[in-house]
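Modelling step: build the complete structure from the supplied sequences, incorporating the hints.
The chain contents come next:
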Amino acid sequence: MLTRRPDAIRPSEITPESVFHGRRHLLAAAGFAGAGLLLGRGGRAEDIPKDLRRLAGVRKSPLSSTEAANSFEDISHYNNFYEFGLDKSDPADYSAGFRPRPWTVTIDGEAAVKGRFTLEDILKPHPLEERIYRFRCVEAWSMVIPWVGFPLGDLIRRFRPTSQAKYVAFETVLRPAEMPGQRSPVLDWPYVEGLSMAEAMHPLTILAVGVYGVELPNQNGAPLRLVVPWKYGFKGIKSIVRISFTARQPRTTWSTSAPDEYGFLANVNPKVDHPRWSQATERRIGSPLFSPKQPTLPFNGYAAQVASLYTGVDLVRNF
Amino acid sequence: MPTLRQLRLYWKPVVFLAASLPLLRLAAGTVGLAGVRLGANPVETIQDSTGLWALRLLLATLCMTPLRQISGKAWPLQFRRMLGLFAFSYAALHFANYLFLDRALDFAEITGDLTRRPYIIVGATALLSLAALAATSTAGWRRRLGQRWLTLHQLVYPAGLLVCWHFWWQVKKDVTEPLVYCLILLALLAWRAWWARRARRAAALPAAGAA
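Order-wise, the sequence lines are chains A and L. So for the first sequence, this note's numbering puts the first residue at 1; every next one is plus one. So for the second sequence, this note's numbering puts the first residue at 1; every next one is plus one.
Since the hints were derived computationally from the structure, they do not count as laboratory data. From a predicted model like this one, the values you see are computed outputs, not experimental measurements. Beta carbons are placed, not taken as given, at the ideal position from N, Cα and C, and that holds for glycine. Fair warning: there could be bad hints in the mix.
What the hints assert, rightly or not - Label pairs and their calculated CB-CB ranges:
1. F100/L - E261/A: 24 to 30 Å
2. W277/A - L145/L: 52 to 58 Å
3. Q294/A - R8/L: 49 to 55 Å
4. R192/L - A303/A: 52 to 58 Å
Claimed, not checked - The list that follows gives simulated cross-link-like pairs (lysine-lysine, DSBU-like), each with its CA atoms no further than 30 Å apart:
5. K173/L - K88/A
6. K88/A - K73/L
7. K60/A - K50/A
Structure representation (structure tokens):
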């Protein structure tokens, strides 16, 4: 007998009960329907463009947050991706000409298996999971994002890094013809990032290929990006073309560009302010206009899972 | 050249309306009118927009005197006070947005900002200067203060420099935009220095002594 599971309810379709009641209450108080921003927006998926391929066989993950996700519109129209420009609307506005396929990823450095692989070969063995994670930008705003991806550790094991491999370095594609931001020297292109091997192998660390059940839009780092939910967003390098295993700590773009403002670790830490602004609180994107910022949590709320990676590390000095 | 009557009836309302447009857009976006959207982070949009328009209108205000000197016409001065008051109004909204929406009146955070964050200290100082100028911008205050009014209103130059500095300091990476505004401000200051020097020289020359 064929039994058919009901279609899964996407988190985007769920309006939290408190929001549901709060909205009506506020609407009544305000006395009009077009209350716009005064209410904020819960997760909404109806804005997903039809040309983004739906990803099949995506499983739920127990590591997901239960918080309400931001709308697809907010996630895809408010983000930093300097390769497409400096404004947070630039990635959505100037990434239409970017071609995320065909795509290859080079694996090199201290590993037994190395070479240049097609994206399909990279992805093939990995079942996809939805990971709903909090995302905290170093600019003191945050979102909740339903990523689709797989653990980076699973990928790393396939390439059998040697005992020399202490770090993993990542590199973004360099395509000034398709990425207008790379034509100006604001950063030292291509963008590079890195993790310690322990951070890279941590089960929370994923490579994402999608969001909201569809493949990543160009502006969010298609076709392959890193997501490390306890670190500031800039660690989540996008449009990855190279993964290298290294013995020494790799250079990273922002810590080279402004070493006094951005470190290698870049763990979310409410106690260590950015030199120019406080990191104690964050503005949750999509919250009502008159809501205060919310407190930022150590390791972005993932302290129970990751704090042990940093025992004995001075997190004030190593920001 | 427009007559005084044309200025009052036609041009002043037009400039008033034009200077109000950024505010009208923010107001429409806040209540969701006319399809205007303020993006994913409206508090930031309001903060950036009011700050930028305060600076632009301040520079427009500072353009009026050189415009009069270059054109020899008096009409630019008719707009100077209005533009200056608009600049102050946007700066005040910028500060109000910071207090009420960005910081939600969390006085511990606000006090921390005002004592520890240099760019906020610089911005607050600029706002205080502009407030002093706005408060004494009426004809009555001008009369009462006499010569001292002119001296007091020289404050607009340091205020302009502070506003540019405030902008420069909070940019994350690319300073092109604040640089452009700084250069405009410096050009306006250079013009004034040159004009004042020329005026002093002219005064020092004997009346019929031109070679």
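(message) For K88/A and K73/L, compute the direct alpha-carbon distance and say whether it is at most 30 Å.
(response) violated (44 Å)
(request) State, for the Cβ atoms of R192/L and A303/A, whether the hinted interval 52 to 58 Å holds or is violated. (result) holds (57 Å)
(message) Given a hint of 24 to 30 Å, does the C-beta separation of F100/L and E261/A actually sit inside it?
(response) holds (28 Å)
(message) With the threshold set at 30 Å, check whether the alpha-carbon distance from K173/L to K88/A stays at or below it.
(response) Distance ~13 Å between K173/L and K88/A Cα, so the pair holds.
(request) Kindly confirm whether 52 to 58 Å is satisfied by the beta carbon distance between W277/A and L145/L. (result) Since W277/A and L145/L have Cβ atoms about 39 Å apart, the given range 52 to 58 Å is violated.
(message) What's the verdict on K60/A and K50/A, does the C-alpha distance respect the 30 Å limit or exceed it?
(response) holds (23 Å)
(request) Go ahead and decide if the range 49 to 55 Å is satisfied by the Cβ distance of Q294/A to R8/L. (result) For Q294/A and R8/L the Cβ distance comes to about 51 Å; the hint holds.
Of the hints listed earlier, those the structure fails to meet are numbers 2 and 6, in rising order.
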